[in-house]
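**Q** Based on the sequences and whatever the hints tell you, model everything.
Number of protein chains: 2
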Amino acid sequence: MFNSIMLDVAYRLLNHGPTVLVTTAHGEQCNIMAAAWSMPLDFDPPKIAIVIDKKTYTRELIEASGSFAINVPCCAQAEMVVQVGASSGRELLGKEADNKFAAFDLPTFAASKIAAPLVAGCVAWLECKLIAEPHIQDAYDLFLGEVVAAHADERVFSNGHWHFDGHDELRTIHHVAGGNFMAIGEAFKA
Amino acid sequence: MFNSIMLDVAYRLLNHGPTVLVTTAHGEQCNIMAAAWSMPLDFDPPKIAIVIDKKTYTRELIEASGSFAINVPCCAQAEMVVQVGASSGRELLGKEADNKFAAFDLPTFAASKIAAPLVAGCVAWLECKLIAEPHIQDAYDLFLGEVVAAHADERVFSNGHWHFDGHDELRTIHHVAGGNFMAIGEAFKA
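Residue numbers (the numbering used here), protein chains in the order written: chain A, 1 to 190; chain B, 1 to 190.
To be clear, the hints were calculated from the coordinates, so they are not data collected in a lab.
Take every hint as true, because none was put in to throw you off.
Covered by chain B, per the in silico footprint, the following chain A stretches (three or more residues, Cβ under 8 angstroms): (1) 15 to 26; (2) 33 to 42; (3) 72 to 82; (4) 179 to 186.
Glycine included, C-beta positions come from ideal geometry on N, C-alpha and C.
**A** Shown next, in the form of C-alpha cells:
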C-alpha cells in the first residue's frame, strides 16, 4: 500500500503546500496535531520547516524526543484533521483514553527511523529529526527538521510524481481557515 | 479589480500552499523569481517565511532594500512562472531589456508600502518588510518577512475566503517539480 521514497524527491511530498498532521512520541507519551504552516527547506539532504505553537503538547514532545513525523492527510480524513486540530493531547493525560490516537480511534503504524507513530490512511509521511535552532523556535515558533525517511501511498505518488486521477478521496487537503479546505485539483504541465 | 485585505486575514492568501512569485526593487534595479517554498509564520502582525537561494539576484535585492513582495499567480500565468523561474535577472543587466519584467513583457502596478512592483494578473499580493535574521538566512536560505499590506483579486477572494468556482483560469498553482503543477481544486467544509 505504501512505498518508501528516495530522499532526493521527498520534498515533492510537501512542495504543493498540503495541510499536514504532526505526530510525536517520547517514552509512553504520544500526540498528533494539525498544521497548515509547513514547507520544504532543502533538497539533499531534505529539510523542512514547520510552525509549532508554544502552547502545544506536540512542541513539548518534539523538544523532548528530538524527532517528529509529518503525515500528509487526504480528503477522506478531513473531519479527523479538524478534530485533532481542535483538541489538546495534554488535556487527555490521566484519562482512560490518554492520547488522541486512542480518543479518536486513529490507526497508526511504526515509523522506520523515529519513535513517532505514522497515521494510517494518510497519503505521504516524512520522518524528521529536529535541527535544533533555539532562537527561531523561541522567537517565531519555527522548527526545522531533516527528513531521514519518507513514504507515500503508491496509488497516488510514484516515480517522483503525484497522480490523483481516479482517487478523489485521496487528494491532499489545503486548509484556508475554520474548517474550510480546498482539495488539490487538476495536474498540468506548463 | 483588486481589494486591499485586512492584515489579520492576510495569512489566508498563503495558507493553502500556492507557488508564488517574489518581486523586488532597489534603486533602478528590480527582479522577479518563482518560489514554491513559502508559508505563513504568524497571524497578527502577519509574518511569512520563504526560502531564497544564495545565488539568486532576488536575494541581493532583498538584502539591499529590506523588502519584497509575494505575488500569488494563477493557472493563466503558469507558463510565465516557469519562464521567470528558469532565468536570472542578473544575466540581463546591461542589456536593452535589462530586467525580467521588460524581457518577458510583464505588466506591473505599484505596491502601497514598498518599492517592489506587483505583478498584474496575479490573484493576491503580500507586501513584506524583511525581518533580518542573518543566521538562518546564511545557514538555511530562510528569510522572514512581516506583511505590511495585502491585496487580492475580488473575483476569487473576498470576505476572508477564496471562491474559485467559475474562474478556473484564476485558480492558484501548486508546483511539484519540473514545470508540473496542480491547480487548487474543490472547496469543502469539514
